[in-house]
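Build the full structure now, drawing on both the sequences and the hints.
Chains as they are written, first to last, in numbering that gives the first Met the number 0: chain A, 0 to 226; chain B, 0 to 76; chain C, 0 to 76; chain D, 0 to 719.
In case anyone wonders, no lab produced these hints; they're calculated from the structure.
Some hints here could point you the wrong way.
A partial selection of chain C residues facing chain D, derived with a Cβ cut-off under 8 Å [what the hints assert, rightly or not]:
hint, residue
1, LEU13
2, PRO15
3, THR19
4, VAL66
Think of the CB as a built atom: it goes at the ideal place given N, C-alpha and C, for glycine as much as any other residue.
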Amino acid sequence: MGNRKVKFGVVVYPGTNCDRDTYHVIKEVAEEEAQYLWYKDTDLKGSQVVILPGGFSYGDYLRSGAIARFSPIMKAIREFAENGGLVLGICNGFQILLEAGLLPGAMLRNRGLRFICRFVDLTVENDETPFTLLYKRGEKLRIPIAHIDGNYFATPEVMAELEKRKGIIFRYVNNPNGSLHDTAGIINSRGNVLGLMPHPERASEALVGSTDGLRMFLSAAKFVRES
Amino acid sequence: MRAKIEVFLKSGVLDPQGETIKRALHTLGYESIKDVRQGKVFYIEIEDDNPEKTIEEIARKVLANPVIEDFKWEIEK
Amino acid sequence: MRAKIEVFLKSGVLDPQGETIKRALHTLGYESIKDVRQGKVFYIEIEDDNPEKTIEEIARKVLANPVIEDFKWEIEK
Amino acid sequence: MIDKKLLEEHNLSEEEYTKIKDILGREPNLVELGLFSVMWSEHCSYKSSRIHLAKLPTKGKYLIQGPGENAGVVKADGKAVVFKVESHNHPSFVEPYQGAATGVGGILRDVFTMGARPVALLDSLHFGPLSKPANRAIMEGVVSGIAGYGNPVGVPTVGGEVDFEEEFSHNPLVNVMCVGLTERDRIFYARAGEPGLSLIYAGAPTGRDGIHGATMASAEFGAETEHKKVNVQVGDPFREKLLLEATLEVMEKDLIVGIQDMGAAGLTSSSSEMASKSGVGVELYLDNVPLREEGMTPYEILLSESQERMLMVAKKGKEGEIKSIFDKWGIDSRVVGKTTDDKRFRAIWKGKIVADIPVDSLAGDSPRYNRPYVIPEKDERLEDKWLENRDWGQVLKKILNSEHMASRHWVYEQYDHMVQINTVLLPGLGPAVLRIKGKTSGIALTIDANPAWGRSDPKKGAILTVAEAFRNLATVGAEPLGITNCLNFGNPEKPEIMGQFVETVEGMKEALEFFGVPVTGGNVSFYNETEGKAIPPTVTIGAVGLIPDLSVLPRPEKVKEGDWIYLLGWTKRDIGSSVYLKVIHNERGGKVPDINLENEKSLQGEIIRLVREGKVSFAFDLSPGGLLPNLSEALFSIGKGATLRVETDLEEVFYLFGESPSRAIIISPYRISAKVPVLKIGQIRGDELIVYLNGKKILQEPLNTIKKGWATYFNRLFDR
Ligand SMILES: Nc1ncnc2c1ncn2[C@@H]1O[C@H](COP(=O)(O)OP(=O)(O)O)[C@@H](O)[C@H]1O
Ligand SMILES: [Mg+2]
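Here it is, written out as structure tokens:
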């Protein structure tokens with residue numbers, strides 16, 4: 000297997016707007032292989048990691064991510080995830096994973112009711128996932144957020160279960176949106192589907208302010224290469 | 000036929016919008032308002048043999064998120 | 000006392016959300032849905048001597064945007 | 000049947016009506032009257048401004064496309080930068096959220112119509128004072144409207160400005176600029192090619208949105224008045240995003256001859272302008288136009304301003320391919336007409352010709368006026384009481400904690416300013432800087448307006464605004480490639496207002512000719528008046544510059560303890576129209592600073608040289624607020640304190656809060672010398688701001704204390 004490039008699939012829904020950014024980072028910065036997956040596709044064209052990027056799928060009408068979950072490609076993504084494939088949902092991608100039931104919980108409107116775009120500090124809570132291999136537990140990351148519905152909510156039982164199995168992977172240092180338990184990102188119990196509100200692709204090059212997000216893509220690639 | 004579906008947050012789920020409106024109303028002097036919860040309402044034109052079934056189905060499957068929301072509907076003949 | 004206020008777009012005002020939801024429903028096979036318009040609904044707890052007046056007032060002044068929206072309300076005793 | 004009342008409702012003069020009859024050789028029907036009314040309106044025809052705008056310089060070494068297209072184009076490091084600013088003032092007053100949102104939508108379309116992917120938005124916003132709740136509501140609506148549209152479309156709002164003057168209480172200004180990037184051989188124009196080509200309509204169905212107010216009372220539409228009242232345009236950013244992607248894909252596959260978005264006067268202006276420019280005619284089949292509402296008349300279909308619509312002229316035989324691309328993106332498209340060889344604008348509805356007009360009379364040959372004007376009197380006051388010494392520390396905090404200077408983060412954090420990951424300098428200070436992916440270069444963007452200058456002296460105000468915009472660019476090492484502008488004025492039929500306009504254009508011309516930078520386009524917004532009270536004349540300048548090498552870009556993170564603080568330029572007795580007067584003396588007038596353009600040019604040249612030599616950790620110009628407030632803001636971003644020692648023979652206020660132009664601060668670890676005055680005035684040190692003036696300590700305070708009011712001003716007002 001050696002140094003073969005890992006193939007990332009970047010899903011494009013109508014209204015997705017971080018697809019090109021994510022593609023750019025995977026291809027030009029992480030130097031892995033990248034391909035777009037159209038929401039009407041029914042297979043993942045050999046993708047080894049699937050990313051649901053940020054944006055406003057279907058304008059975020061109805062609820063963020065609510066309409067995208069019915070896209071034809073979701074069936075393939077679900078099967079891929081059930082077979083242990085790595086799926087990363089960023090921002091709107093996270094919201095879609097929640098709406099689709101691939102991750103537990105739901106997003107409410109931000110506590111302040113406003114869209115917030117800024118760099119925030121996160122802590123890495125769990126460095127034993129395929130997406131955080133290259134981070135250290137407790138490490139602080141500077142990664143931007145950009146959302147209006149990022150106030151993570153789940154029932155007390157779900158929150159307890161998440162905490163117990165270390166399913167909260169990233170937490171905000173200063174909670175910007177009201178998320179329960181300062182949750183910024185969670186993983187499923189099988190440990191292969193991660194969703195987070197911050198944008199690692201916006202923090203992958205020093206020129207635009209931070210490189211703290213890059214290791215998320217590199218971790219996933221390393222995990223795939225070594226498994 | 001016209002149907003109306005209301006989708007609202009389950010009790011126990013925090014409603015940031017309702018909270019904010021309540022505070023704004025208090026600032027404006029409407030102290031008698033004790034609580035505000037905000038929901039969505041969908042007005043639907045439907046031509047269907049079994050509108051009850053269809054409406055119930057789209058409310059459940061599409062319009063409401065069962066993790067946080069409940070719904071109710073009625074059909075205006 | 001509980002009041003319910005519905006706020007909806009005036010007819011003729013474009014409703015992109017409703018449009019998009021309608022299209023989504025068609026894609027899902029719900030062809031019998033001819034039109035969807037989305038509005039807001041507010042559930043209000045009020046303790047007031049003259050709840051009708053207060054509710055009408057906050058609907059008009061605070062909750063609805065008169066340029067593009069209308070509203071209606073009812074009080075459930 | 001066409002009487003005085005009807006003409007009045009259509010805003011047409013007797014004279015214009017006579018001209019219409021001459022052109023047609025008969026009386027127009029009502030549809031035709033409507034078409035002339037809208038196409039000859041100030042908004043579409045620039046009838047009062049054209050002869051003056053023609054004076055502006057439109058040639059430059061970087062210019063690809065000057066005024067006259069949907070947007071201007073300049074070269075930048077082998078690429079083409081497409082940009083334009085537009086106002087949406089009145090709609091934003093009527094319905095702040097939707098007014099601002101649709102303003103963003105319109106300017107985005109102007110840019111992607113030219114074949115460029117929009118990469119940035121900037122907004123210049125002017126409201127009434129926030130002490131009035133109504134003004135707060137307008138600002139809140141406008142800002143969330145810009146966010147609500149720009150964010151979903153995925154174009155970052157990377158810069159802008161917000162300021163406040165009483166006159167804007169009833170007439171806010173919402174000027175939005177969009178910048179796009181494309182290849183130099185991939186630019187599209189509003190052209191119709193040759194006769195016999197299909198016109199393709201793509202986008203949202205047509206509703207009764209924004210139909211000219213004049214039509215409302217018109218007898219023929221009596222039965223429909225219910226609907227007529229609702230003519231607020233609602234934006235659909237989701238559809239815009241799809242329209243953008245589909246349009247760019249159609250362009251990439253080279254399937255069209257020309258294209259224009261349907262903005263003001265919708266289908267009529269887009270089709271007639273393309274045809275007129277190419278010397279062909281156009282025939283429209285109104286029954287093919289997708290409609291959103293029932294019972295729409297030809298009048299309404301032709302003049303609707305529904306958003307998110309495009310009109311393009313297909314290359315022969317490419318109709319099907321075009322349609323399949325729009326289908327893929329879920330956008331309706333239809334053939335709604337064709338080009339003809341008779342140079343007429345003809346609309347056909349239910350088998351009948353409902354309008355038949357020489358196309359040039361609608362688009363090219365609309366009337367133009369040389370309206371009478373009087374040159375306004377200048378406010379030249381400089382009052383002694385403005386010059387008295389005060390507790391400068393208190394003054395500084397008061398100014399920083401005012402709506403004029405407080406941190407704008409409450410605004411720009413609602414905007415996605417990072418999507419597309421090109422934003423090299425985050426909003427907060429100075430111009431926006433974007434990288435160009437795949438190159439070492441970048442572009443710098445700024446938008447500037449200062450109504451206080453315009454009110455006291457429109458001509459000098461315009462010169463100063465241009466100079467400020469270029470100085471902003473210079474601080475990041477960028478030289479200007481071109482500008483776009485938006486001229487916001489009252490009623491041009493009043494000679495005083497027309498005088499302000501003439502003076503403003505004169506000033507802009509003088510400055511641009513001096514710098515050798517062309518205007519690439521812009522927008523004129525007249526009739527910004529409520530109850531006879533006009534806004535101050537306000538010219539908004541949007542400038543684009545090129546930074547050859549981003550590796551030497553000054554940025555706050557580069558500043559180190561011990562770096563020197565240099566003041567470059569000339570400080571004079573300038574305090575009129577300043578933030579200091581507004582906040583401390585509640586005085587909104589006074590003499591506008593003089594500017595020596597030669598000095599200004601040397602200053603900018605020297606800053607650019609120093610930046611490009613890699614000598615500068617961080618640089619900023621002294622814009623409104625003056626030295627102390629501007630330096631404090633810079634220190635807040637840097638996160639370090641400073642000690643200043645300044646010596647002056649002038650009254651103290653001029654040095655600390657005066658607003659002399661042609662000045663900038665450079666922070667550098669090196670010894671700096673230049674061909675303009677350079678003073679070493681201090682050093683980056685500790686976490687306090689300490690200021691000595693003529694040897695006397697006038698201020699010593701922790702930066703954090705100074706920062707508090709500045710940082711939270713808008714949150715305290717808006718966050719409930
Ligand atoms: N309406 C706005 N939209 C986006 N950014 C804004 C807006 N207003 C201000 N900003 C940003 O805030 C910063 C400070 O604005 P301003 O006081 O005008 O500074 P400057 O004079 O240095 O340009 C700038 O970076 C500017 O781009
Ligand atoms: Mg400025």
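Each hint tested on the structure:
1. LEU13: Hint holds; C:LEU13 Cβ to chain D Cβ min 4 Å, cut 8 Å.
2. PRO15: holds (4 Å)
3. THR19: Holds, about 6 Å.
4. VAL66: For C:VAL66, the interface hint holds, since the closest Cβ of chain D sits about 5 Å away, which is under 8 Å.
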